[in-house]
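Visitor: The lines below spell out each chain.
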Amino acid sequence: MDSPRTIESGDRAIDGAVFDLKRFATGDGPGIRTLVFLKGCPMRCVWCANPESHSRNPEIMYHKNRCTGCGRCMAACPAGAIRFDETYGLVTDSELCMRCGRCADVCLAEAREVIGRNMTVKQVLRILRRDRRYFDNSGGGVTLTGGEPLAQCSFARELLKSCKEVSIHTAIETCGFVGWECMESILPYVDLLFYDIKHPDSDIHRKFTGQSNERILENLLRASHAFDGKEIIVRIPIIPGHNDDESTISKIFEFVGRLPNIIRIELLPYHRLGTVKYAGLGRSYKLRDLEPLQRHDLECLKALGEAFPVEVRIDST
Amino acid sequence: MRTSQLRDDLLDITPSICSERARIFTNAMRRSEGQPIVLRRAKAFEAVLKGMSLYVREGELIVGNQAGRPRAAPVFPEYSVHWIEKEFEGDPYHTWERPNDVYEYDEETKQEILETIAYWRGRTVYEVMRSLIPDEARIAWDLGAIDDDWVAQNGFGNVLPNYENILRTGLRGQIERAQEHLDRLDMTQPGQVQKSWFLKAVIITNQAVIDFAVRFADKLQELGEAETDAVRKSELATMARTCRSVPGNPPTTFWEAVQAVWFIHCCIQIETNGIAISFGRFDQFLWPYYQQDIDAGRLTREQALEIVENLFVKVNEMNIFRSWEGAKFFPGYHMAINLAIGGQTRNGKDASNELTQIVLDATENMRLPKPSVSFKWFERTPAELMDRALEVVQTHSGGQPAFYNDPGVMRMLKGLGVEEEDRWNWAPVGCIEASIPGKWDFACKGPRLNKAKVLEMALNNGKDPATGITVLPGRGDLSTFENIQDVMEAYEAQLHRFMELQVMIENVNDEVHKQHDLNAFRSSLIEDCIGRGKALIEGGSIYSTDGGPTVGAMSSGDALAGIEFAVFVEKWITGAQLKHALETNFSDGTTTPTGDEIHQMLLNRAPKFGNDDDRADRWTVAITDYVGSTYQTEFKNSRYGQGPKICSYSYCQSSVTANVAMGKGVGALPSGRKAGEPLNNGVSPATGAERNGATATINSVSKLPSIWFSRGAIFNARLTPETLKTREGRSRAGGLVKTLFENNQYHIQFNVVGTDTLRDAQAHPEQYRDLMVRVAGYSAFFAPLNAELQEDIIQRSAFGQESG
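Residue numbers (the working numbering), protein chains in the order written: chain A, 624 to 940; chain B, 45 to 848.
Any given hint could be a false lead.
Here are the simulated distance ranges between beta carbons [what the hints assert, rightly or not]:
no., chain 1, residue 1, chain 2, residue 2, range
1, A, E914, B, I57, 41 to 47 Å
2, A, R911, B, D804, 34 to 40 Å
3, B, R113, A, G762, 51 to 57 Å
One-sided and incomplete, this derived list gives chain A residues near chain B with beta-carbon spacing under 7 Å [as the list claims (entries may be wrong)]:
no., residue
4, I655
5, C690
6, G692
7, L731
8, D754
9, F878
No wet-lab data here; the hints were simulated from the structure.
Positions of the beta carbon are idealized from the N, C-alpha and C atoms, including for glycine.
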C-alpha cells in the first residue's frame with residue numbers, strides 16, 4: 624500500500640512530453656473536460672489526423688494562413704532548414720531542422736509553433752485545476768490522449784493518480800499497443816477508458832498502422848475483465864477502403880460484444896481535417912484524396928451492431 | 045397554425061414610416077401652447093389615440109397597433125428632427141437605401157412629416173438640450189468620448205410597469221386613485237398646483253387608453269357582424285367584449301389579461317418613442333389567470349400558447365424610426381423589449397410554471413427578434429427546465445433566451461440599496477438592466493461613455509489624437525510615463541473628468557425633459573407617482589438611478605496590458621516607439637522594429653483579457669472597479685432628495701453594437717487593435733482575443749467586480765450548434781452558466797455559430813482564431829482549414845445536419 628502523500632511528492636516532478644492542453648473539450652468523455660495530449664505514438668496509422676503527435680520530440684509546426692512572409696524565420700534558422708515553397712510557403716526540412724525553436728521565437732505572427740514541451744505533473748495539474756468547478760458543475764474531468772498516452776506510462780500514471788487524489792473524473796484514450804504491466808498499473812486511476820480497435824486481421828493491421836494487433840486485442844480482453852465497475856468505450860475509426868467493409872466491422876463487433884464492462888462502441892468516421900497539419904509539418908498525407916463516407920454508409924455499419932449485445936453509436940455524440 | 049401565418053406575413057412586410065401620430069400630436073400641441081407641459085402632452089396623447097387608424101389582422105387574437113400598418117414606425121418630431129430632414133434629402137442615405145434598418149415612405153407621408161418639422165424645428169428637446177449644456181460637455185460629446193444622442197434625441201424609455209397590480213385594479217382603479225389624491229390636495233399649500241396638473245394628466249391619459257380599447261371593440265364588433273366563418277365570428281365577438289372591458293377593468297381570463305397588457309404596452313410606446321419598455325416577469329403575473337382558466341376548463345394549453353405566440357407577433361409589428369446614426373448603435377429595428385421568465389418566489393422557491401414552458405415554446409416556434417426573452421437562473425431552477433431553455437437557444441439561434449444570475453443580481457441590488465422585500469422580484473429591462481417592476485423610474489438612462497477613447501487621451505497628455513482637442517490636461521504621454529501605475533493614474537484622472545461630464549449632461553437633459561416632456565401615462569404605472577403627484581423624471585418612483593451604457597473596458601484593459609508587457613516588462617520597445625506606432629496605425633515600415641512588427645508583437649504576444657491570464661485580466665478588473673465604484677459612490681442623479689431611493693449614477697456595460705460604432709472613432713491601441721476596429725462588446729473579450737476556450741474566458745470574466753455592475757453587463761459566448769443539440773452537450777453549456785453564476789456574474793447569452801459566423805471567419809480569420817468546429821468526433825480550429833474543408837463544414841452547418 625502506498626503511504627499518504629504530500630502535494631510535494633517527488634513523483635509529481637516527473638516530466639512528460641505534452642503537445643497540447645485543450646480546455647472546454649466536449650468530445651472525449653462526459654461533461655466539460657480538459658484534454659491532455661501526450662506526444663509520441665508507437666503506431667503510424669496511415670489515416671492519422673494528428674501527425675504532430677507521432678514523435679516524442681518537439682517539432683516545428685508552420686501555419687501558412689498566419690504567415691506574413693517576412694522571412695525572419697529563415698534568417699534566424701542556424702541550420703538553414705527553412706526554404707520557400709510556392710504551394711506550402713516557408714516549409715521546414717525536417718532532416719535539417721535541429722528543433723531549436725529559434726524560428727518560432729522570432730515569428731511575431733505566430734506562424735511557427737514549437738509543438739511539444741516537457742511539463743511536470745504539477746505543472747499540468749495547475750492548469751487542470753483552474754477548470755475544477757466546470758468539471759464539478761457538468762460531470763466532466765480530464766482525458767489523457769495523444770499520441771499514445773501510455774507510451775509515457777509513469778507520467779500518465781502519476782497524472783491520473785494525482786487527479787484521483789482530488790476526485791477529478793479521469794478518462795484515457797489509448798490504442799492499446801502497450802505492455803500489460805503498464806495498462807494494469809494505470810487502470811486503478813481511470814474512470815473511463817476509450818480503447819481504439821482498428822482491424823481484426825493482424826496482417827492488415829500491421830500494413831495500415833505499422834504494428835500487429837495481438838497485443839491490442841489481448842490487452843482489451845484483460846482490461847475489460849480487470850476493470851469491473853468502470854466503463855470502457857471501444858472506438859473504431861472507419862476508414863474507407865481500409866476497414867469499412869461489413870465483415871471487418873462485424874468481426875470487431877463480435878469480439879467486443881463478448882467482453883464485459885463495455886458500455887458502447889463508437890464509430891468515428893474518417894475525415895480530412897488533419898490534412899492541414901501534415902502540410903504544416905512539411906509532410907505529405909497519403910490519404911489526402913480519400914473521400915469521407917456518407918452518413919448512409921455509416922448507418923449501415925451501425926446497423927450491423929444490432930446482432931451483438933453492445934450499443935453502437937456513430938461519433939461520440 | 046395561424047400564428048405562424050401571422051408571423052410569416054409580417055416578415056414579408058417592409059418596414060415603413062407612419063406620419064399619423066406626428067400629425068395628430070403636433071396639431072394638438074399647436075392648440076395648447078402656453079399650457080403646462082404635462083397636460084399638453086396628455087391631451088395630445090389623447091388626441092392621437094382618438095384619431096389614429098386601427099387595424100385587425102386576419103385571424104389575430106390580440107389587437108392593438110402603434111402605427112397605421114404593421115412594422116410601420118410612428119414619428120416623434122418633438123424630440124429631434126434634424127436627421128429626418130437630412131435623410132429625406134438622402135444624406136447620407138435615403139431611408140430605403142440604408143445598408144440596414146431600411147424604411148419605406150410615400151410622398152404624402154414625407155410632406156406630412158415635413159409640416160410637423162416646420163413647427164418643431166428649433167424647439168425640439170434635442171436642440172434645446174444641446175443649446176444648454178456646458179461647452180466642455182458638448183466638446184466631449186462631439187469628439188465621441190461621451191454620446192447622449194440615444195437619450196437626448198428620444199423620449200426616456202426603460203420603463204417596467206407593475207402589471208401584477210395594474211391588472212388587479214384595471215386602469216379605472218388608477219383613475220380612481222388619481223382622483224382621490226386630486227380631491228385631497230390642499231391647494232393652499234405650496235407645490236400642490238403642479239401635482240394637480242400631473243394627476244389630471246393621469247386621469248386624461250388612462251381614460252384615453254380605455255377609450256382606445258373601446259374603439260377596437262367597435263371595430264371588432266363591426267368585423268364580427270360581417271364575418272361568415274362561424275368560428276372566427278365567435279372569436280371576434282369575444283375579442284370585442286374583451287376590448288370593451290380591458291384594460292379599464294381587471295381582466296377575468298388569461299386571454300383578457302394578455303390583451304390588457306398589450307394595450308398598455310402599446311400605448312406606452314405611443315406616448316413617447318423611448319425604447320426598452322419591458323414586460324417583466326410574464327410567467328408570474330399572468331400565472332393566476334392561466335391557472336384559473338385551466339382549472340375552470342375554459343382554456344387549453346394550446347390556446348394559451350397561441351395567445352402568447354400572437355403577442356410575440358404583435359410585439360414585432362411595432363417599430364421605431366431611428367436615425368441612420370442611431371441604427372448603427374441599435375441595428376435591426378431593435379426596441380429592447382424584455383420579457384422575463386423563471387427565477388424565484390418571495391419565499392425563495394422555484395417560480396417556474398407551465399407558462400414558463402409556454403414562453404419557451406413560443407420563443408422556439410416564432411423565432412422572432414422581439415421580445416428579448418430572459419431566463420432567470422438560480423440554484424433551484426429545475427435541471428429539466430434549464431435543459432429546455434438551452435435547447436431553445438439552439439433552435440431560436442438568435443441568442444434567446446439569455447440567462448441571468450438571479451442570486452447574483454439580488455446581491456448587486458442589495459449593494460445598491462434595494463429593499464429585501466423587492467429584490468427577489470427584479471426583472472431585466474431593455475437590453476439587460478435589472479429593475480423592480482413598477483418601482484423604478486428608468487432602468488437605463490444617460491450618455492454613453494467610450495472608455496477606450498478616454499484612454500487614448502490619457503496616453504496623449506489629455507489630447508484627443510483625432511481632433512487635437514484637450515478636455516482635461518493630462519499627466520504625460522507614452523514617451524514620458526515611467527511605469528504602468530503612472531499610466532493607470534493618468535487614465536483614472538481622465539475617466540473621472542469624462543464621468544463628471546456625463547453626469548452634467550444628464551442633469552441638463554433631465555431639466556429639459558421636465559420643461560418639455562412630462563409623461564403622465566407611463567408615470568401612473570410606476571409607484572408612487574400618483575401618490576406623490578409627480579412624473580417619473582420629477583422623482584415619482586420608489587427607486588431611481590441613472591447610468592448610460594459604457595463601452596470598451598476590456599479593450600482598454602488589453603491596451604494597458606500591452607503597454608506593461610511591451611514597454612515595462614519585456615522592454616521590447618520604448619514608450620516613444622509605441623507612441624509613434626500608434627500614431628501611424630502600425631504602418632511605418634521605416635522604424636526598427638517596423639510598425640507591422642510592433643503590431644504583430646502586441647496582437648500575438650501581449651496578454652489579453654479572456655484567457656484566464658492575470659497579466660491582462662487585472663487591468664480590466666482595475667478599470668471596471670474604478671468606473672463602477674466611482675459612479676456609485678460619487679455621483680447623484682437629478683431625483684436625489686425628491687423622493688426616490690438610491691439616486692446614484694450607476695455602471696452599465698450593455699453596448700449592443702455601440703462597440704462597433706464607437707470603435708470607429710478610436711485610433712490604434714497598444715493591444716494591437718488597429719484604428720477604427722470594433723471595441724469589445726459588453727464584458728466579452730475583444731474580438732480575436734480568446735485563445736483558450738470557454739472555461740478560460742469565463743474564469744477571466746469571473747474576476748470582474750460585479751458588485752458594481754448595477755446596470756448590468758452583457759456577456760456573449762459562442763457555441764457550436766452541436767453543443768446544444770444533445771442533452772450531454774446542454775449539460776456542458778449548463779456547467780458554464782452555473783460556474784459563471786457561482787462567481788456572481790450577471791448574464792450570459794449564447795450565440796450559436798451559424799453559417800454567417802463561419803463565412804465571416806473565412807473572410808477575417810484573425811478575428812476567429814479560437815473558433816472551433818467539430819466534425820466526426822474531432823475538433824479543429826476553423827480558420828486554418830483550407831477553403832475546401834471550410835466549405836464542407838459550412839454546407840453541413842447550413843443544413844443543420846449532425847456533422848459526421
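Visitor: Any hints this thing doesn't respect? Which numbers, in order?
Guide: 2, 5, 6, 9
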